Amino acid sequence: MAQQATASWGGGASPWGISWQKMMMWWFIVTDGLLFAGFLASYAFARQASPAWPKQADVFNMKLITLMTFILITSSATMATAVAAARNGDRRLTLRFLLLTVVGGMVFLGMQAYEWTLFIRHGATLTQNPWVPRAFSAYFFTITGFHGTHVLIGLIVLAAVAWQYSRDRCTADGIELAGLYWHFVDLVWVFVFGCFYLV
Amino acid sequence: MTATSAANYRGYWIAWLALLVITVVVVFVEVPLLLAFGMTVKAAIIVLLYMHLGGERLGLTLSVLLALFATALILWLLILPDGRMG
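Here the protein sequences line up with chains E and S, keeping their order.
Its first residue numbered 635, the first sequence is counted upward by one per residue in the working numbering.
Its first residue numbered 162, the second sequence is counted upward by one per residue in the working numbering.
Hints may be right or wrong, so weigh each one.
Unchecked claim - Some but not every residue of chain S turned toward chain E, in silico, with C-beta under 8 angstroms:
(1) 177
(2) 184
(3) 203
(4) 221
(5) 240
(6) 245
It is worth saying that the hints were derived from the structure and are not from the lab.
This structure is a prediction, so every number in the text was calculated from the model and none was measured.
The beta-carbon is built from N, C-alpha and C at its ideal position, and this holds for glycine as well.
My request is simple: use the sequences and hints to build the entire structure.
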């Protein structure tokens, strides 16, 4: 994330008054959001077209998944606090809440990995599973796998940003950009949780 | 921490509580329409408040939201019914 706190354009006013860094992060978020929208629409189509689909409560530990959701939501709240703290110049609070966000993300990822092992132990793979349509496990692994990878990338980014910030080599703008990415990861989970696990 | 800066953070944690309450409600009340509404409200809280899109210039806010809404709408309303054929 750049050292510059403000955009320095040679060509006049910056669109919508934001830095190019923030603009690019929003572009990325929109396109990545469309990726997940595509995945979920494909899943919804396959589910509609299938003669049968397993009942989620029979396959997944819904208490575990709900707890995972709570944890990710909380990590978003800690992230928002960290960004605001950085804006306020409160270094200690920023670092503390960045750390809390990372811990939350790691717990979420650990629980997701645990869920995967339970699922695999039941006999599910990418191409087959003990329940009716083969697509079921394919969609599960693909969607949660892509989401989990995004979480992992987010954790690496957050750790890097926290490290740089602690050495005064990252600005509040940088923290905010990392925050945008992290909130996006939480946002995707809202829809994955709702569409895949609850409906 | 001054009163004003503490107030900065409180909004995020009130939103956190709202998100948790909505989550609990949609998990226990298994009504698809309520779920759709719940997801939309959660998304709105995260995007408009946490991601500060509500505080950005209208042009940016609309560009992001319309891009996502329009595509999601097309995907779901046009593709989904095809799954029910046959």
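Mind checking the CB of residue 177 of chain S against every CB in chain E and telling me if the closest is under 8 angstroms? Hint holds; residue 177 of chain S Cβ to chain E Cβ min 4 angstroms, cut 8 angstroms.
Is the interface hint satisfied for residue 184 of chain S? The criterion is a beta-carbon contact with chain E at less than 8 angstroms. holds (6 angstroms)
Have a go at the residue 203 of chain S hint: is there a Cβ in chain E nearer than 8 angstroms to its own Cβ? OK, holds: residue 203 of chain S within 8 angstroms of chain E, min 5 angstroms.
Restraint outcome when residue 221 of chain S is required to lie within 8 angstroms of chain E by C-beta distance: holds (4 angstroms)
Is the hint on residue 245 of chain S kept, meaning its closest Cβ partner in chain E is under 8 angstroms away? Interface hint status for residue 245 of chain S: holds (5 angstroms vs cutoff 8 angstroms).
Chain E contact restraint on residue 240 of chain S - CB to CB distance below 8 angstroms: Cβ of residue 240 of chain S sits 5 angstroms from chain E, so the hint holds.
The structure agrees with every numbered hint stated previously.
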